[in-house]
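Undergrad: Letter by letter, the chains look like this.
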Amino acid sequence: MKVLLCALLAAVAVQCFAQSKLPKLQLTDTTLDNGLRVIIAPDHTAPVFAVSVTYNTGSRNEKPGHTGFAHLFEHLMYEGSENVGKGEHMLLVQNYGGSMNGSTNNDQTNYFEELPKNQLDMALFLEADRMHALNVNQFNLDNQRNAVQEERRLRVDNQPYGKSGEELEGLAYDAFPYHHSVIGSMDDLNAASIDDVKEFFRIYYAPNNAVLVVTGDVEPANVLAKVKKYFGAISRQPAPPPVDVTEPEHDKERRKTITDALARLPQVSAAYNTPPGNTPDVHALQVLGLVLSSGRSSRFYEHLVHDKQLAINVFAGVQERRGPSLFRVVAVPRPGVKVEDLEKAIYDEIEAIKKDGITQQELDKVRTQFLRAQIQARSSSQGLANRIGTLTVFYNDPNLINTLYDQVSAVTAEQVKQAAIKYLVSKHRAVVITLPAGRGSAAGAPGMR
Amino acid sequence: MEKRTFKFLIAFGLTTACAFAQQPPSAVDSQQLPSHVQRLNRVPVNPEILKVKLPHPTEVRLPNGLTILILERHKLPTVSFSLWIKSGALSDPKNMPGLASFTADLLRDGTGKRSTSQIATELDELGATFNAGAGFASNLTNINASGLSDSADKLMDLMSDIVLNPSFPADELERFVRREKTALVQARTNPGFLARERFNRAVYGDFPAAILSTTTDSLQKATPAALKGFHDTYYAPNNAILGIAGDITPLQATALARKYFGKWTNHPVPAAPATIVAGPSAKKIYLVDRPGSVQSNILAGGLSLRRSDPDYIPLEIANRVLGGGSAARLFMNLREEKGYTYGAYSRVSSNIYPGTLVANTEVRNNVTDGSLHELMYELQRLRDQRVPQAELADAKRSIVSSFALSLENPAAVINRWMDVKYYGLPADYWDHYSEQVALVNAETVQRMARKYVNLDRLQIVVVGDAKEVHTAVEKYGAVEMYDAEGKPVAAKPEPASGTK
Chain B
1045 MKVLLCALLA
1055 AVAVQCFAQS
1065 KLPKLQLTDT
1075 TLDNGLRVII
1085 APDHTAPVFA
1095 VSVTYNTGSR
1105 NEKPGHTGFA
1115 HLFEHLMYEG
1125 SENVGKGEHM
1135 LLVQNYGGSM
1145 NGSTNNDQTN
1155 YFEELPKNQL
1165 DMALFLEADR
1175 MHALNVNQFN
1185 LDNQRNAVQE
1195 ERRLRVDNQP
1205 YGKSGEELEG
1215 LAYDAFPYHH
1225 SVIGSMDDLN
1235 AASIDDVKEF
1245 FRIYYAPNNA
1255 VLVVTGDVEP
1265 ANVLAKVKKY
1275 FGAISRQPAP
1285 PPVDVTEPEH
1295 DKERRKTITD
1305 ALARLPQVSA
1315 AYNTPPGNTP
1325 DVHALQVLGL
1335 VLSSGRSSRF
1345 YEHLVHDKQL
1355 AINVFAGVQE
1365 RRGPSLFRVV
1375 AVPRPGVKVE
1385 DLEKAIYDEI
1395 EAIKKDGITQ
1405 QELDKVRTQF
1415 LRAQIQARSS
1425 SQGLANRIGT
1435 LTVFYNDPNL
1445 INTLYDQVSA
1455 VTAEQVKQAA
1465 IKYLVSKHRA
1475 VVITLPAGRG
1485 SAAGAPGMR
Chain H
16 MEKRTFKFLI
26 AFGLTTACAF
36 AQQPPSAVDS
46 QQLPSHVQRL
56 NRVPVNPEIL
66 KVKLPHPTEV
76 RLPNGLTILI
86 LERHKLPTVS
96 FSLWIKSGAL
106 SDPKNMPGLA
116 SFTADLLRDG
126 TGKRSTSQIA
136 TELDELGATF
146 NAGAGFASNL
156 TNINASGLSD
166 SADKLMDLMS
176 DIVLNPSFPA
186 DELERFVRRE
196 KTALVQARTN
206 PGFLARERFN
216 RAVYGDFPAA
226 ILSTTTDSLQ
236 KATPAALKGF
246 HDTYYAPNNA
256 ILGIAGDITP
266 LQATALARKY
276 FGKWTNHPVP
286 AAPATIVAGP
296 SAKKIYLVDR
306 PGSVQSNILA
316 GGLSLRRSDP
326 DYIPLEIANR
336 VLGGGSAARL
346 FMNLREEKGY
356 TYGAYSRVSS
366 NIYPGTLVAN
376 TEVRNNVTDG
386 SLHELMYELQ
396 RLRDQRVPQA
406 ELADAKRSIV
416 SSFALSLENP
426 AAVINRWMDV
436 KYYGLPADYW
446 DHYSEQVALV
456 NAETVQRMAR
466 KYVNLDRLQI
476 VVVGDAKEVH
486 TAVEKYGAVE
496 MYDAEGKPVA
506 AKPEPASGTK
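Listed in order, the protein sequences are those of chains B and H.
When we follow the numbering used here, the leftmost residue of the first sequence carries the number 1045, and every step to the right adds one.
When we follow the numbering used here, the leftmost residue of the second sequence carries the number 16, and every step to the right adds one.
It is worth saying that the hints were derived from the structure and are not from the lab.
Note that the structure is a prediction, hence the values are computed from the model and not measured.
One or more hints might be untrue.
List time: in silico DSS-like cross-link candidates among lysine-lysine, alpha-carbon distance up to 30 Å [said to hold, decoys possible]:
hint : chain 1 : residue 1 : chain 2 : residue 2
1    : H       : 482       : B       : 1207
2    : B       : 1352      : B       : 1398
3    : B       : 1161      : H       : 68
4    : H       : 196       : B       : 1352
Model the full structure from these sequences, guided by the hints.
TA: Shown next as structure tokens:
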């Protein structure tokens, strides 16, 4: 989870440094007759390879009453298919020294594994078999429903501020695809049926709705031959129905205050509606996010955490989506500081940027930080494969792994200022204030200084 | 690391959900799989284990005693520096837990030449990352810096100034103390922290590894002079190892290290504290009351061994079988078979002092009893029954094969060789690791289980809502209760009505 969030936050590119500093990756990009898009990026520095299958489906495809379904489905993909027994997938990958996982977010679902280089057939066979013929039954559905509900308890219901993010998404989006959380509600999870599962599989888990990426110590011609062997016979399906993620223009700020029995300090969490990801304005906002909160010399850290000591932490950045995205700010006040005072100080920092812009020094600095992040994102074969899969499914362009850097590098200080003026305004804002339950108003934990 | 993950969760909420929690890979058997897990054996596998050798670093020793290990890897234009000071929390004075940690944290807050904000700006302008810490239950201070290889000289210049000439400014210490007092409060909202804290107290008693956080009192007493004292006493080249990995040649790396760490003066350093641990004398069950909790966080385990112990490799294999990953027995049983949890694992920790072997899971309140039952069953099974051949082969193969994956990260490779130095392992330890794994048989694994899974001295910790789960927990023995502040609680709670 963390890896993906970091990658999204880092999805800000910058030119400035010579292009030679970001080595260009060589990719092959092939589409099979059944519509499966195959991207191969070899790298022979370690005797491993990674496979990533990214399906063009996520919680955006869920209907009211079926929230959490895309993610529940992801769990069922490990429960067996025509030639793979229940749980055999993870036994094989782990017993042969590999690692694997799957993840679901609003806009995609991916499945991935990394193994020593002599196990390429295993990985491709496993992915092909479950794309071809998933085996679903009531026991597996009930069993994984339990696992998912425990995941919800672990990450949301049993964590301080666990529900704040969910509340904020609900406020920030009116359009249903992004209005509800990925993990979904307990009631909807309980309602999921075998027929729902079969239907979801038929519509979304087709070769023409997926991107397969292979990275690492492989020969592209050899990989492609094996991919054709294992995936070539899987039938194409009709294109899934389109999803409308259009967000109507908001005309005023939305606010909510919630109480949280597990939290001990308040939290302010804000989201501004922005255009879709990978657009010039969002690139400018990504640069702004780095200026505000990347590193201890960032404005939020230096001013709010260090100098004024209003906050114990503050984060800002774009939560990138294929559709309308969000510019998020989250902060926890220091004990004794009123949450409203911290909130105002955050807005003052944003207003300062709208008035005076950012400095050339700040721009140069975040460009270097971004260059570093782009390079670091290639450190593991798996991370790279997943990133290429996401760029391809989101924006239909695997080569963004090379060119995104150039695009964001073109962002100027003036564009950052104009983007702040245009998007970081109160009527585009949703705010959730979380207060510790039973601790009165916003003054923090009593007795704490 | 854990701290950072937590912050990101807070920062952007749950936008991604995964099939599995991040855990190291592991193994399971074919004969004794839970009934629903099924092997069809139709997937093409290559039976050959890829032979992989961990590349050796170049070793250099400066005249002042600093040991340097260098690994040249040009995949990416980046370089990482990892400096280990071989003293940390175990060297804290008794009345000031956290002093090693305060010292490490404050390094970057000013030197003779640079203010904290100058340091922050210079690091960020290099696109570098820097962190320094001295975690509890350890005797190490870790200082890491990494960045683009074309700024390697500037980065090491900055790093050496931070490490060698910290000024520990009083006003920055004051800010730090305020932040840490708040962090102490925040930590108590985290059920995982509450569980580990109680468990370490139970296992280690008077030994300093019992302590997992500082105290308000200790923060109150911290002075620049105390931090400077710790720094003067323990930060010495003869008490340190420097690892350099990435896009840099041994020649360049050595020249940089000489230039920036060559004048660091050596001096005698107090010996590491004694590492004899008595361990618990009897089985005990602790319940930490966390009102409103919708899950029970369960830990069960006891004392294990030192990193240098010859039992380490066979015990790692036993752990793989028990709970080392999502193909191991605990996961297969508690999640895949019973649906009690999102994850169930076990882990061996080892150090210069005896570490722990501990199983962990987080389960909804009304299956707390069932989960404890299954945990006990799996611990007992590992002791009572020989691991079937196929399951053992899987466990061993998974450990040896996963070596290939570790080669992707040069900083991780260099850390393995730094471990060899720090724990005093044989210089060719990683060259023979695979052979050592191959030698382990089912009898040895059972001997490990009987030696290190001691059910008569098992320490069980449950963090949860006491009125919901007390009845379940007390079935496993007399319950000792604590509140979330770590204080003992005498009264048994009234069970909630309608609780199963």
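Undergrad: Each hint needs a verdict: does it hold in this structure or not?
TA: Taking the hints in turn, this is what the structure says about them:
The suggested pairing of residue 482 of chain H with residue 1207 of chain B holds, with an alpha-carbon distance near 23 Å, which does not exceed 30 Å. Between residue 1352 of chain B and residue 1398 of chain B, the direct Cα distance comes to roughly 21 Å. Compliance with the 30 Å bound is thereby established for this hinted pair. Distance hint between residue 1161 of chain B and residue 68 of chain H is fulfilled; the C-alpha atoms sit about 14 Å from each other, no more than 30 Å. Restraint check: the Cα-Cα separation between residue 196 of chain H and residue 1352 of chain B comes to about 17 Å, which is no more than 30 Å; the hinted pair holds.
Violation of the numbered hints given earlier is absent; every hint is satisfied by the structure.
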